[in-house]
Amino acid sequence: EAQVTQNPRYLITVTGKKLTVTCSQNMNHEYMSWYRQDPGLGLRQIYYSMNVEVTDKGDVPEGYKVSRKEKRNFPLILESPSPNQTSLYFCASQITRTPSYEQYFGPGTRLTVT
Amino acid sequence: DAKTTQPPSMDCAEGRAANLPCNHSTISGNEYVYWYRQIHSQGPQYIIHGLKNNETNEMASLIITEDRKSSTLILPHATLRDTAVYYCIVRVAAGGTSYGKLTFGQGTILTVHP
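Respectively, the protein sequence lines represent chains X and L. Just so it is clear: in the first sequence, position 84 is 84 by this note's numbering, and no numbers are missing. Convert by adding 114 to the 1-based position in the second sequence; the result is the number in this note's numbering.
Calculated directly from the structure, the hints in this document are not laboratory data. The model shown is predicted, which means the values in this text are computed figures rather than measured ones. Worth double-checking, as some hints may not be accurate.
Dumping the calculated DSS-like pairs for lysine-lysine here, alpha-carbon to alpha-carbon at most 25 Å [unchecked claim]:
#1 X:65 with L:183
#2 X:17 with X:57
#3 X:69 with L:183
#4 L:215 with L:183
#5 L:117 with L:183
#6 L:166 with L:215
#7 X:65 with X:18
#8 X:65 with X:17
#9 L:215 with X:57
#10 X:18 with X:57
#11 L:215 with L:117
#12 L:183 with X:71
#13 X:17 with X:69
#14 X:57 with L:166
#15 X:18 with X:69
Work out the full structure, taking the sequences as your base and the hints as a guide.
Now the structure itself:
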C-alpha cells in the first residue's frame, strides 16, 4: 500500500530535550516536505527536499533541522524544542519526474513541549 | 500562487449533493485548481484537480467556470464520512522554487447531517 508513515504519532517532551520525528514513504517520491498546523494559522511549510541531499527552507524553518540521506526518509529534528513548537506536524511526499498533481500526507504527529 | 476564497462553513444532508464553491479570480493560465480535504486532524487527502475542463473521479466532480475565476467541488452523494475541512488550492503543477508547496487557506468546514 502506498503510504507516508510518521513516528511517533504522539509525543510529549520538555523544553530543550532534542527529538526527532521520522517520516518515510514507500512510493519512490523525490519530493518530501514537512508542515506544521496550528489553530487559526492553517498548514505552514517548514522544510522541503527536492531529492536526496537537497533540502531547503519553507516558510517557518526556525528551530528545525532536516536531513535527506535516503530517498524514502526525511526526518524532522528539533535540537532544542520550545513550547511554541507545540503543534501538529505532517510529512508529505510527491513525485517530481513528471507533472504531478497529488501530494500524499502522513497521519500526523502531535507534539507537546512543556 | 493565486489566492482563493471559500465560505467558512457549509451544511449538507446525508445522501444529497454537496456543492463547495471557491473563488480564484487572480488565477494564472498555467495554474491548476486542486482540492484537498482534512478529516478531523488527519493528514490532508487529495481529492481532484483541474486546469480548465470539468473533471470527475471516483470521489468528486470539479466544475471550473469558463473564465476560470471560480470553481465548484461536487460530492454527489454526501455521507457522514465526508464531514471534513475542504481546501481549494491554486498552483502550478510543476517547476519553480515553490514546487510542491501547498498553500492551505482556512478552507470550508463541511458538516454532513443525518
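Verification of the supplied hints:
1. The straight-line distance between the Cα atoms of residue 65 (chain X) and residue 183 (chain L) is roughly 39 Å, outside the 25 Å bound, and the hint therefore fails.
2. Note on residue 17 (chain X) and residue 57 (chain X): the hinted pairing holds, with a Cα-Cα distance of about 23 Å set against a maximum of 25 Å.
3. About 42 Å separates the Cα atoms of residue 69 (chain X) and residue 183 (chain L), which puts this hinted pair outside 25 Å; it is violated.
4. Of the supplied pair hints, the one linking residue 215 (chain L) and residue 183 (chain L) holds, its CA atoms being roughly 21 Å apart against a limit of 25 Å.
5. A C-alpha spacing of about 11 Å is found between residue 117 (chain L) and residue 183 (chain L), which places the hinted pair at or below 25 Å, so the restraint holds.
6. Using a Cα cut-off of 25 Å, the hinted pair residue 166 (chain L) and residue 215 (chain L) holds, with the two alpha carbons roughly 21 Å apart.
7. The hinted pair formed by residue 65 (chain X) and residue 18 (chain X) meets the criterion: a straight-line CA distance of about 11 Å does not exceed 25 Å.
8. Straight-line distance between C-alpha atoms of residue 65 (chain X) and residue 17 (chain X) comes to about 14 Å, which keeps the hinted pair within the 25 Å bound.
9. The suggested pairing of residue 215 (chain L) with residue 57 (chain X) holds, with an alpha-carbon distance near 11 Å, which does not exceed 25 Å.
10. Distance check on the hinted pair: residue 18 (chain X) and residue 57 (chain X) sit about 20 Å apart at the alpha-carbon level, within 25 Å; holds.
11. Distance restraint check for residue 215 (chain L) and residue 117 (chain L): the Cα-Cα separation of roughly 14 Å lies within the 25 Å cut-off, and the hinted pair is therefore satisfied.
12. Taken as a hint, the residue 183 (chain L) and residue 71 (chain X) pair is broken in the structure, with Cα atoms around 38 Å apart against an allowance of 25 Å.
13. Straight-line distance between C-alpha atoms of residue 17 (chain X) and residue 69 (chain X) comes to about 23 Å, which keeps the hinted pair within the 25 Å bound.
14. Between the alpha carbons of residue 57 (chain X) and residue 166 (chain L) the distance comes to roughly 32 Å, so the proposed pair goes past 25 Å and is violated.
15. The straight-line distance between the Cα atoms of residue 18 (chain X) and residue 69 (chain X) is roughly 20 Å, inside the 25 Å bound, and the hint therefore holds.
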